[in-house]
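Put the complex together from the two separate chains, hints included.
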Amino acid sequence: MLEIKSLTCGYSKKSVISEISFDVKMDELFGVIGPNGSGKTTLLRALSRVMKPMSGEILFNGVNVEKIPLRDFAKYTAVVSQLLPFVEMTVEEFVLLGRIAHFENMQFVESKRDLQIAHECMALTDTLRLADKPINQLSGGERQLAQIARALAQNPKLLLLDEPTAHLDITHQVVILDLLKKLVHERKLTVIMVLHDLNLASEYSDRLALISNGRIHKVGSPEEVINFSIIEEVYKTVVVLKKNPVSHKPYVFIVPQQELLKNKIMRNQDLQE
Amino acid sequence: MKVNWVLWLLILSVALCLVMLFSLSVGAAPISFQKIINLFFQGPGTSDYSIVFDIRLPRIILGFAIGGSLSLAGVILQGMFRNPLVEPYTLGISGGASLGVSLNIVLGFAAINRMSLPLSGFLGAMLVIGFLYLTSFRKGMVNLQGLLLNGVMVSFISSSLVMLLLSLTSSDSLQGIIFWIMGSLGESDTLLIKGMVIVSLLLLALSYLFCLHLNAFVLGEEEALHLGIPVERTKKILFLISGILVGFCVSVAGVIGFIGLVVPHFMRKVVGHDHRILLGSSFLAGSIFLILCDTIARTVIAPLELPVGVITGIVGGSIFVYTLTKGKMNHA
Chain A
1 MLEIKSLTCG YSKKSVISEI SFDVKMDELF GVIGPNGSGK TTLLRALSRV MKPMSGEILF
61 NGVNVEKIPL RDFAKYTAVV SQLLPFVEMT VEEFVLLGRI AHFENMQFVE SKRDLQIAHE
121 CMALTDTLRL ADKPINQLSG GERQLAQIAR ALAQNPKLLL LDEPTAHLDI THQVVILDLL
181 KKLVHERKLT VIMVLHDLNL ASEYSDRLAL ISNGRIHKVG SPEEVINFSI IEEVYKTVVV
241 LKKNPVSHKP YVFIVPQQEL LKNKIMRNQD LQE
Chain B
1001 MKVNWVLWLL ILSVALCLVM LFSLSVGAAP ISFQKIINLF FQGPGTSDYS IVFDIRLPRI
1061 ILGFAIGGSL SLAGVILQGM FRNPLVEPYT LGISGGASLG VSLNIVLGFA AINRMSLPLS
1121 GFLGAMLVIG FLYLTSFRKG MVNLQGLLLN GVMVSFISSS LVMLLLSLTS SDSLQGIIFW
1181 IMGSLGESDT LLIKGMVIVS LLLLALSYLF CLHLNAFVLG EEEALHLGIP VERTKKILFL
1241 ISGILVGFCV SVAGVIGFIG LVVPHFMRKV VGHDHRILLG SSFLAGSIFL ILCDTIARTV
1301 IAPLELPVGV ITGIVGGSIF VYTLTKGKMN HA
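Each protein sequence line maps, in turn, to chains A and B. Taken in order, the first sequence gives residues 1 to 273; the numbers are from this note's numbering. Taken in order, the second sequence gives residues 1001 to 1332; the numbers are from this note's numbering.
These aren't lab readings, by the way, just hints derived from the structure by calculation.
Which residues of chain B face chain A? A partial, calculated answer using Cβ under 10 Å:
#, residue
1, W1005
2, L1209
3, L1212
4, A1216
5, L1219
To spell it out: a stretch of chain A is covered by chain B in this simulated footprint if at least three of its residues, at any positions, have a beta carbon under 8 Å from a beta carbon of chain B; those stretches are:
#, segment
6, 48–54
7, 95–108
C-beta: ideal position from N, C-alpha, C; glycine also.
Okay, chain B solo, but in the shape it has when bound (with noise of 0.2 Å):
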């Protein structure tokens, strides 16, 4: 059983550095891996090292971080909600965040510093958390049942308010609000990069504190209080995890959806349902699926990239869809 732990994540760690390897020799200017690895060693100075470690590495450890994060809050919330459809924009977090990003549009902070946008993204989503947290998280008991609705209700809000913008506002700031939304891996500040990683990493860290918890929770909310949870904290604290992680996220690269659905639900098929290794599993599974779907994302029609949104619900829904009806079928 541990052993089949270990296993797995074994191998998912070596898909992720096979499939790293593979996303920084294809691309416009294709690379073999021979060549890459000779380039590690001769250092800067040719354009190859500078197409494969200033342009693609930088997208592909944004991807690491960012499919990571997205598929572990997944697995945090669809546990504690013990929902599988629950996944991290449906609790509007990334509404408030895209709110933010289109007013900034709107108004033009963006043009004179490029910075704001993901700081303007961020306050909406840290928006969007407070007021889900003031609203839900009351007298020491959160009604789950509540938060979600909260959730939902303040998606829809943020989505009309977006909308209305739209309507409003001209088409250049219309192309790059859409852009925006469709959410994107070309985000170039290494600062920013570095942040990413280090909370996507953290708090994996910290959410592996809470993986009896979540264990427990799968029982139900009353079971998981007899064995020892102390339950309403639990709740609090995954809340503000998956929260910070969608934040993070959606300000850096915008609205990425699927994997924080897809990927958890993928990795309960294969490594079971055991939050012990489901969410070390997943973060890799998410940032191996993302990180692929970007890929294919700016090859397809090189030099120009498709927006990654785009193809991570084409990809991953075929391939659940697949999965779904194929398991279906062996039933019969």
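So here's chain A without its partners, still in its complex pose (with noise of 0.2 Å):
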């Protein structure tokens, strides 16, 4: 589905990720983790095409995507960014801006399919109900869900979300993160989001990009990239890894220094013992 071939980008001559190359495969979920400022969203830009690669490619089905003229690309990507809309627009017809690059040539009023479309999606994000509601006095999770139904209103093959439960409370992380698995087994959509909540990646993602200083440090599925080595090394932090005793897959423990001092005095004090 999508290949990206030793890809490198950044900002006026200085690269911020180099040399990124995976694969992701057809209704996949696929999360990209690492430490902030490691190049997780200048990723997630290069894949939205808002920033030009420096060197490498991305192919999409095996084509380059900068030989895909931008409105064509828009039919089967949808980008949910990581700023959360703050317009006076209805959740209606914010989410009916997903359809524009559907719309025919001199086409300007949105035809009674595309207005079916974004009920659908609405009702798929639980937004319908707030379809006549101004964007700007919805809740931060309310914002998100209309962000997605608008990005599922372009009817895409890839989805690609940065940071999609960021400042969301675990109910509408829930939501949002089962919703996007659903709709990967059900439309056969393609996902690949950026996360920070290690947990959340681990339990979600069908597989795993660990990125650390612009550069893929491991790629693989949880059990494989959620590693206590790999987590200490990458963000140099101590970690306790367990399995989530339902899902079984692993869970990343946080150690404060406190405790991990208390735990060398007590060590100290068993072999004195």
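Printed below as a string of structure tokens:
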């Protein structure tokens, strides 16, 4: 579906990500993790064609994306960016904007089909009840759901999300990620999402790419990537790894420094005794 | 929703016709509606006929084109920059035109051929557009903030240069320059009026090809790109559309302020944020507003007339402040 071949990308000559290569398969939920400033968002901006690669290429079903006109590209690819929308338009108007790429030439008004698709996407994300509300009067979670509804209205094959769960409570985190998982299975949608939260990434991703200093550190299943030595090396933080008792996916526990000291003292006492 | 839009366009069109009729009938010599309709069928010959059709009508038609164009340019620029304070004159295009005209008057070309005035204004405006285009639109990328800052600077520089000319010149030229800068719909050349109408309607039609682009721009440039809008090309075209609109307006009628800032604001409150209705309704509302202001300008102290820019500022500003504060009171 998507092949990324030694992609290097950055701002004015200084590269932020370099030599990134990985493949994403059809109907896969692919997670991108890494520390702050490691280049996750830059990678997503390159994939969504906001930034042009300095070298390397991105192949979409074997075609270099640079060769696809932007409007056609928007028919297969939708993006949910990190910033939540804050505009005065209603949720319905906002979601209908997702249909623009599918408009015929000289079509100015949404067809019945456009409206129907928009309503389906709003129903799927539970935002239909908010249809006539202005976006800027919604809560953060609702705005994120509206944003996902708009992306789905584009009827994409590939969905790119930049921290879709940032600043949301666990209810919305689970609602959104469950929805993505469902879409991947039911609609054969391919999802690439950048996530901060290692545990959410481990729980929901089929495969993960760990980025460190602009380079791929490891690509693989959550079990392969979320490994305590890899995490400690990349994040430079002491962690403990256990399995989620229900899903058996790796779960990362952080260890505060005080506890570390206490542990050391206790161990020393044990040794003395 | 869409029914609403048609309704708004209808209401505004009817209002425009009424305002035009009203403006035809009032003036130094009041002529009743009934009489105007009779004159229409009687044909030329009477003095009333020439007052209505040779003096007042061209002014009204010019007001229609200029008011609509300025307000349209305002909507486009505010949409593109996502900044409600941007107006057609912010980018220094009017400054360039003023400088061109001032130079023309000072050097005495205007005395030789009156038609050189709009021409020099237009040249000044196009020079500024060209300058901004070359400095801000490079490598296929456009930095809108840079464009805005450059425009504001050009505006300052040209107004300073106009001041310089004013301070150096004779009092005759001084008056000419000041009157031109204050703006007037007194242009009587039929060719210019026709040209202005054609340009404004053509560019209105052209801008409609970008109404969805403007809607997407509301979300920001990156989001618009995600929705499949070729952002860089769109920015260039929209800049050129609004630049040419303003260039034409300023060279024909001088600097008539406030319409491009206030009318789009007002219409956004009335018809909403969707550019599919906003473009057309702002054009019509701008026309109505300017024709009304011009009618006031030429009747208050008839047979003398006030500069129309003064009226647009006073009337528009007061109405605007009133609606803003009233809205706030209701919220509180």
